[in-house]
Amino acid sequence: MKNININFDNNQITILNKQDKEKTVSIASQEGFSAISQEIHGAGWDNKYVYSFSWLERFVIQLPNDMFMEIKQ
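Once you know that position 1 of the sequence shown is 1251 in the working numbering, the rest is easy, because the numbers rise by one and skip nothing.
Everything labelled a hint here was simulated from the structure, so no lab data went into it.
Remember, predicted model here, so these are calculated numbers, not experimental data.
Some hints could be false.
Said to hold, decoys possible - Listed next, the in silico DSSO-like pairs over lysine-lysine satisfying Cα-Cα at most 30 Å (straight line):
(1) LYS1298 to LYS1268
(2) LYS1252 to LYS1271
(3) LYS1252 to LYS1273
(4) LYS1252 to LYS1298
Said to hold, decoys possible - Simulated DEER-style distance windows between Cβ atoms:
(5) LEU1306 to ILE1277: 22 to 28 Å
(6) TRP1295 to ASN1255: 19 to 25 Å
(7) LEU1306 to ASN1255: 31 to 37 Å
We put the CB at the ideal spot given by N, CA and C, even for glycine.
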């Protein structure tokens, strides 16, 4: 797991990896977006985010995007 520090004032992310190497990138960059996405995804699983959705009063143990993709196909 990486340690990230997000600075919204200058739109930059500082990433500290396992080898204690620090790297600063833009929030809008592919690497910055990926770092934020991985942390949000991990936090969602840790907090059981997938269990918080229902449809027609039935719990759906999936992310909403997955549900809509199945309905669409």
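Violated hints, by number in ascending order, as checked against the structure: Violated hints: 5, 7; rest satisfied.
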